[in-house]
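*Asks:* Residue numbering for the sequence shown follows the UniProt record's numbering, beginning at 1 and increasing consecutively.
Each hint should be verified, as a subset may be incorrect.
Unchecked claim - Label-pair ranges, simulated between beta-carbon atoms:
1) Ser192 to Asp726: 51 to 59 Å
2) Phe342 to Phe267: 45 to 53 Å
3) Thr1184 to Thr271: 47 to 55 Å
No lab work stands behind these hints, which were simulated from the structure alone. Just so it is clear, CB atoms sit at the ideal spot from N, CA and C, and this is done for glycine as well.
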Amino acid sequence: MHLLAATPGSIDDGKDAVDLGQTPADLVVISAADTELALLSEARSTMAAPPAMRLASMLHLRHPMSVDMHLDDCATKSKLVIARVLGGSGYWKYGLEQYAARLYEAGVPFVALPGDDKPDAELAALSTIPTEDYHQLWAYLTEGGAENAVAFLTYARALVDGGDRPGPARPLLRAGLYWPGNGIADLDQIKSQWQEGAPVVPLIFYRALVQGAGLAPINRLVKSLLRQGLNPMPIFVASLKDPISAATLEALFLDAPPDVILNCTAFAVGTPEGGGPDNPLAAPFANQAPVFQVVLAGSSHEAWDEGTTGLSARDIAMNVALPEIDGRILSRAISFKGEAYFDAATECTIATYHADGSRIAFVAELAARWAHLRRADKADRKLALILANYPNKDGRLANGVGLDTPAATVNTLKALSSQGYSVEGVPDDSDALMQAILSGPTNWLTDRSIREGGVRLSLDAYKSAYNSIPYEARQEIEARWGPPEDDPFVGQDGFALSVLRYGNAVVGIQPARGYNIDPTETYHAPDLVPPHNYLAFYFWLRFEFGADALVHMGKHGNLEWLPGKALALSETCYPEVIMGPMPHLYPFIVNDPGEGTQAKRRAQAVILDHLTPPLTRAETYGPLRDLEALVDEYFEAAGVDPRRIASLRKEILSLSSVTGLDHDVGMTGRDEDGDLAKLDAYLCELKEAQIRDGLHIFGTAPEGRLARDLGLALVRVPRGNGTGADASFVRALALDLGLNFDPLDCDMAAPWEGPKPNCLTKVSNSNWRSHGDTVERLELLCATLLDEQADAPGPASALVLAHLRDTVLPTVTACGPAEMSALLTGLDGRFIPPGPSGAPTRGRLDVLPTGRNFFSVDARAVPTQTAWQLGWKSANLLIERHLQDQGDWPRAMLVTAWGTANMRTGGDDIAQALALMGVKPTWDAMSRRVTGFEILPASVLGRPRVDVTLRVSGFFRDAFPQLIALVDSAARAVQALDESDADNPAAARARRGASTARVFGSKPGAYGAGLQAMIDERIWDNRSDLADAYLEWGGYTYGAGQEGVKDRAGFAARLSEVEAIVQNQDNREHDLLDSDDYYQFEGGAAAAVATLQGQDRPIYHNDHSRPERPVIRTLDEEIGRVIRSRVVNPKWIDGVKRHGYKGAFEIAATVDYLFAFSATTHAVKDHHFDHVYGAFIEDNVTRTFIADHNAPALKEIAERLLEAIERGLWQPRSNSARALLEGLA
């Protein structure tokens, strides 16, 4: 309805309008392919009587003003205009619309040809020449080559002057072999250039390079592969989707089976939804060869060399993100577009590919190392398993989100031994492994000099490797850390490194990013370079041990976050400096596509995704159970024993106060009945909260109750279209039982007045008086039906139950074996099939089974229309909550956007930010790609537009440049509206001369929010120090062509005006006390806003885990909810106790993150710390467990809680708390 009055907007990618300055001619040819323009320029120069013509690159006609100027000055005054459009009309929407309309008005014939050989009815309909002529022109360009180029120009001239038309196009092979110096070749000719028995490496590239003038990088790569002792097989194809090309590949691969495949073609054969069953590079005849994506970039070498983004948004989509869908591994960009010459006759700058020798050499060596891994005997292969460690404490070794990393490592060593690898002395279990690691040097500096064990790298060996890295990197390292001899890890016998050797496999602790960090360095060095000991660790693995492959165990290490370009790395980017062209495999949790993608794009990693931890219902326990019983008794007495009501009410309110529940629930004390209703609902919601039940062990599937509860979590929410077998299980049961309510969206405290079927009565002996009780009984019935192999009560639930038994649970069971199989396959140097990523409990069962090389999303389609629906709903609920709490509309908000979350959701956060501004994305109807936006009228919104400041993460900046352009363009368009100050605060600020920048992030090449090292190393005095770090790290503007311009003052100005801070959480497979990211961004923003404004502002932590029902909560509410449902819940504590060292690690991490929120916000109260202290320290059994399995963690927990006392963040209820903690610390 509002579309009629909406104001359209276009996305400004920051590129200035280009005036081509061309004069009219008989013929104008516009093409997106520089090789085609070069070919036509060359063809024209060979003709005796060429047409007067102009050539124009479509890439220079993307800006609307560029299109308008070219039409005004050249095209409308010419005689024939031909445009070759690659990718359909959506790629050049404005250009096609304007050229077609204005050339029609001017009486100039217009021809819109597809950029490939696929007919396009939409393009044909825009063309105004006869069909026969259209197809003939198209055929010349489709076949390509010099002869057809001359024929194309001759035919076009004939259309203008009526001359003779040439004959039909001369066919060029759609696919075939090529060899430098020979041109088109046959396999025997190529084999004559090979070394006998060497690995075969097909090099696949577009036929257009043979047709045009773009073979220089191919020629150089062939020579580099030969120098590496490989047998290159250069193959040109029309497209990997082309049947003839696929058949050609099949024949060649069967004749010469590939060991490694290098692919230079763009896009993907498969789709995110349907996979790629027709992908010839993953077909059986491809010999399971790993496929590396080699980029022929469309940007200039200068832009790549001087910038930090690595590639343009267009190249990222075509040459990186989409190829990942096919399971290709990103290698490097080996060539860039550069100016070859200016063709005065066509008034066009002719561009061609310029090869980069160092990048070509890297790709060739990477191929050689993978080929060696594939061909080496298992007994001879040397492997390094690397465990992360952050913060740099001995209680936090072997970090891996959701993963029992020590157990996974032992499992892997045992699997390698069973497969014939020379692995010796494998530890019996995870605790034995960790004790061995702790007996040697670690990143903890206090006593490492007296520890035995580990390995040593002599200074001479180190310097030999160190001197081989680029001079620029050595300068940066020594400027920050001094010479190698100054490194604290250096002793008399060289660097002491945390490495355990088990025959031909080693287990090592990844070094820290730095040591003895000064607070000012943390503020001002977000791009901190790694120290010497970091390099020494990887140099030992590569050059002393001679590792054939590296395996980083679990999300995530720090190597892929080191300074450098976002992707398409150079030799001075630190991930490459450190790791070089090593084969790299990476077990990674399936629900984190963003950070896994970072490893894929910056560290040539093959992802081996693994299952989430088992999930379960929180249920009730201890004081919560007692309170629930009292509340039940109270409501029963209200009907039959009024005399007991007063005493029960007093007892309930007293117990609520003692436990702090009154604060967490929001009980006011002014309305006792209302407070009791809130408490009742809160207790029900806590019981139904989803929490983790232990950790996942790579290579092992959950069994028994753990598998059952995980399966139920997977079918609790609807999947797909939400019908039939994809319906919510509890909804289907409610439907079959005639309950007439939605168990996923109800008032838990409302009295239950519906039917009470016998099957629900039997599953529990507890009271049944509320909607929450009904939801609980439905959940219990789900479990009972599985446990007892019983029949469902009706047809709707029968479909879901059958799907759960027959498909979901077997898929879960398959995950463990599939994961270990994938790792072994990868270590055989073989292809790992791709698969989607996401949160399984958010309706994404397609991400299972795990054990695949996950991919993320097509960034061009973000935000999706589904994400927009959630974003719009969440934005309106958020505004309503703020109005309710604060008594006024919100007019300025800070929203955080992370790359990982937006990959999982398709852009929920961006959709919400746009909705707050009153802006809606527009999509292409066919491709579903985002094409622009429309500004919704104020009358439709019915409230002021919110002036949104967006703080993006470093990975978001790298992965979603087009979303930054979208939000920035929308924000500037809103600021330009002629609306009242009351309706449009952003426009009011712009009119007063304030900065129009609204997108901020970290320094180019840097990641994070700046608080982690400060909290971990305790290098802060007060909250303003943390605010300072947040402002310094986030004070770089993006958008409008700005690639991270430092503007701390501008960021501070924006934060000084925000009225609320917004953080969304898209799934409940984790919580905000699981990760440092939440406190860094959410807490850092809170500290900055409070410091700048002198007051705390509301912090909203929104639950988007059920897309049809977003929930708006404050940070205070969320912290209380997480502490009670998970942190101090015996069910969670018992779950982590199954995991020894790593279980205690998880407890220590939770305490750290709780402390960090207390340091940055006022959301953590004394009673929260009291509960944590009681559960982990006062409880003798739990304290003993931590001491027995991870003694350093117990010391760290005690130290952190003492720090909370000393900083005035916690005043313990227990008088003995401080003394006990001091004894443990």
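*Asks:* Using the Cβ atoms, figure out if Phe342 sits within 45 to 53 Å of Phe267.
*Replies:* Once the Cβ atoms are compared, 31 Å apart, the range 45 to 53 Å for Phe267 and Phe342 is violated.
*Asks:* Taking 47 to 55 Å as the hint, is the beta-carbon distance of Thr1184 and Thr271 inside that range?
*Replies:* Since the Cβ atoms of Thr1184 and Thr271 sit about 53 Å apart, the hinted range of 47 to 55 Å holds.
*Asks:* Does the Cβ distance between Ser192 and Asp726 fall inside 51 to 59 Å?
*Replies:* 57 Å Cβ-Cβ, so the 51 to 59 Å window holds.
Violated hints amount to a single one, hint 2; each of the other numbered hints is respected by the structure.
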